[in-house]
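Participant: Go ahead and model the full structure; you've got the sequences and the hints to work with.
Chains as they are written, first to last, in the working numbering: chain A, 4 to 385; chain B, -15 to 495.
Please keep in mind that the hints were generated in silico from the structure rather than gathered at the bench. From a predicted model like this one, the values you see are computed outputs, not experimental measurements. In this text, a Cβ means the ideal position worked out from N, Cα and C, and glycines have one as well. Among the clues, some could well be false.
[Unchecked claim] Chain A is nowhere near these chain B residues, computed Cβ spacing over 10 angstroms in every case:
| hint | residue |
| --- | --- |
| 1 | Ser93 |
| 2 | Val131 |
| 3 | Arg172 |
| 4 | Pro175 |
| 5 | Asn195 |
| 6 | Thr297 |
| 7 | Gly348 |
[What the hints assert, rightly or not] Cβ pair distances, simulated, as ranges:
| hint | chain 1 | residue 1 | chain 2 | residue 2 | range |
| --- | --- | --- | --- | --- | --- |
| 8 | A | Asp240 | B | Gly348 | 27 to 35 angstroms |
| 9 | A | Pro205 | B | Ala491 | 53 to 61 angstroms |
| 10 | A | Ala187 | B | Pro124 | 34 to 42 angstroms |
[Unchecked claim] Derived, one-sided and incomplete: chain B residues facing chain A with beta-carbon distance under 10 angstroms:
| hint | residue |
| --- | --- |
| 11 | Lys33 |
| 12 | Ala146 |
| 13 | Gln191 |
| 14 | Pro390 |
| 15 | Arg393 |
| 16 | Asp395 |
| 17 | Ser397 |
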Amino acid sequence: MAASEPALPLTLICLQPAGRRGPDWGTLAAHISPNPMLHLAETVEAARAAAANGDAFALAAAGADAAAAMILTDKLIEAGIAPRALLLLAPVMAQGAARPDMVGLPTLVVAVHGETPSSPETLRARLMPHLPYGRLLAHDGPDDTLILRHGKAIGAAFSEILMTDTGPIETGPAIDPAFAALLASDHVSQRTREVMEQRAKPDFQAYAPKALTPEALAILRAATLRVLPQEGVFDTDPIDLAARIDTRLATTGDGWRFAELPPDAQAYEQALHTLDRAAMARNGGPFVVVDAAAQDDLLTRASDGTLEAEGLSAAQMQLWFTDLRADCVQTFITHPATMGRLGIDSIANGGDPVHQGFAEIGLGQRADWEPTGRASLGGDVA
Amino acid sequence: MSAAGFDNREAVDVVVIGTGAGGAPLIAELAQAGRSVVALEAGPSFEPKRFTPDEPTASEIYWLHERLSGGETPQAFGGNNSGTGVGGSLLHYGAFMPRMDPRDFTLHSETGKGVDWPFGADELMPWIARVEAEIGVSGPTPYPWGVPRTYAYAPPTRNAPAQIMARGCETLGITCKDAPAAVITAERDQPEFGVRHACVNCGACHQGCRNDAKSGVHNTYLPVARAHGADIRPGCMATGIVLDGRGRVEAVIYVEGGVEKRQACRALVLAAGAVETARLLLHTGLANSSDQVGRNYMTHVSTQVWGTFDEETRPNHGYPSALITEDMMRPADADFVGGYLMQSLGMMPATWGSLVARARGLWGPGLTRYLRHYNHVAGLGINGECLPRPENRVTLSAERDAMGLPKPRIDHSYGPNEIAMHNHATRVMTRIWEAAGARDIWAADRAAHMIGTCRMGTDASTSVVDPHGRSHDIDNLWICDHSIFPSAAAANPALTIMALSLRTAQAIQQS
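Facilitator: And the structure:
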């Protein structure tokens, strides 16, 4: 991530309703480098007016005002007057509170250990999925002494956030050179090559889900890492299977679904929340927060048809889990980077105008041009 | 007849709904006989050269209108069972082309279970032989089972799974042979179509054949039909049937480009497949005085066994089902009625991976590790008899699709016979794979194909159509696809469907 200098002068617009006890914004501002000018806005309208004066600014809010600050930020971005960054101190997101799906802005979220609505566990599961460029900082409470006790650390963290470049952060594996050369060869048709080029495009950390809610996407991201771990095939970034499954869920579908499940996108949304509620009940935390062993235990129960939680039934969860497994595999194995690693050459079965096919098709045979695959395993089975 | 087609307002002799194995041969026959024919195809017209082995993209040739799968053995649709486009499911079928075993026509007489067909193998044989000759089928001559026959083309080259199956079967004394396949292995020039090239072992039969080595109807019967004036209309989804005052079909309603249209006709042939044909009849409420429409939905017991081998198998290479054994059509130790055909299996990676995910149930590091063995796996698979059961059926769900039609619900449960056959096949195939040196052997419990829902028979109270495919209720309504099969039989259905199609065309001409 490239750093850039914050534009000066910078104003810190703090949404601070009159009569509500707020944090010591002045002290906090003094800890942010360079020390911004402070503007306390008593209403959302006042904050919007302050933002519109043309100076560079960042937006801050605490507690119950966090949701309003997020909505304001979303509207300001839409209006072309984006804040440099967003600061949310011990935010409280009431159940069902209105909030934008995603705020694509560098954001520092300060959580408070042990305080349920603002605990790092809760915020990681409920708020961070909405903040693709967000960073979560956790301090011990209580939250009304946060600035007093941790102002310096928070200020320093926010200084870093202010210098975050919000250019799209690309993730995902690269295609091995030998396979890239095969894709470029006359063994691949032009149409297939174009499909592969499209599919090889990187994933984005800030992918905004098209079918699922941000919370569900976060759960799906955590689940897919357990269902189809990519270590051993890719030593760097995995393919973002969850984002790609979400993209598919937003299309027309694959021609069928289990009659016992709602339509695919709904089934995913409901199943992921059911998984999350089961994690809360059994393991005391959201699915994205509990450890890998707990996640595996929950998925084992889904697989066995014994996952009981509010939402989909255990039998429905079992059916959904077969769909999830299949979607993971399909997404993984059709990615050209995976094909390269596993030495799979099914897409190199003929080009244009000559459709060559394969000449060496017997047991143990392979033409010289066919890839072997760094991660391909042989006949020895553990 | 002009190539521009027929005017919608003028009644044509015949409208055919569906251009796959059921519709196409009949369309060609009737057009050649001088009848005016309009064919309505819900899907597009594809250019085979543009087919791609990329599996997600190849779903363009699958029927993707959502179906709801219920029952104790809910069946996967989409890629496995139903196609779309001019040429129908033959665009994606595996082209495995065995003949229906004569004993399967009389299963009830033989065993007291299942039902007999209203005619025997002898009746269908001339049509079977005609289809084989007209589309181009390869296979071994002599063929070790059934009546003597000659295949016009030499079999495709054996791929690794076929070589391994031969090794395993030889050890156990099971006869196996190159499979009859609707794939040509020498160039062929067809006057109405042009040159079809020989199979190049590209392995992507199920994703659409790019050089027309695979024999479908888009490269055989449909070009003949067009040359004789048939009006084949892609992108036309039939949604209704209009009767005249005497209760005979007078027109078909269909949607083209979002616009509802009407085509008048003197006769209607439904050839949309076991689910869509039944759905249209249930939706319109026609031809169902027997209450049999939608009932006795059948599949094939399609158990597979997979194993891992020391040598590379590269299972995406070559014609996927290159070897066959018919030795299990009536196995001596059977604890079930009917029989099954076995084939060697190669498979494209995403299809195989989805099978692993669904049927093997792997997840976590074990799943990743197993996928990494792809280039060393090979499979065996069967297609076996599935007995008709009235509770296995197509019904209309409460949900509507984009066309406003109710989405179909398909309930499918195995009975004891299917379970016994699955277990038998699992044992036999596991033994073959052990004999062939496989490691990490596992079985996939799966059903494939769609059969039944509008069974044919002589009794109007227990069947939907007569033995020639004509509705008992409406005398200018015909059904011509696998929905009229009274029993599933073991053979893959395409050859039988096409033979029935030619036979029904003759009956329509004589009617």
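Participant: Does each hint fit the structure? Answer for all of them.
Facilitator: Tested hints:
no., hint, in the structure
1, Ser93, "36 angstroms, holds"
2, Val131, "31 angstroms, holds"
3, Arg172, "16 angstroms, holds"
4, Pro175, "23 angstroms, holds"
5, Asn195, "5 angstroms, violated"
6, Thr297, "7 angstroms, violated"
7, Gly348, "6 angstroms, violated"
8, Asp240/A - Gly348/B: 27 to 35 angstroms, "20 angstroms, violated"
9, Pro205/A - Ala491/B: 53 to 61 angstroms, "60 angstroms, holds"
10, Ala187/A - Pro124/B: 34 to 42 angstroms, "40 angstroms, holds"
11, Lys33, "7 angstroms, holds"
12, Ala146, "9 angstroms, holds"
13, Gln191, "9 angstroms, holds"
14, Pro390, "13 angstroms, violated"
15, Arg393, "6 angstroms, holds"
16, Asp395, "8 angstroms, holds"
17, Ser397, "12 angstroms, violated"
Going down the numbered hints, you'll see the structure goes against 5, 6, 7, 8, 14, 17, while the others check out.
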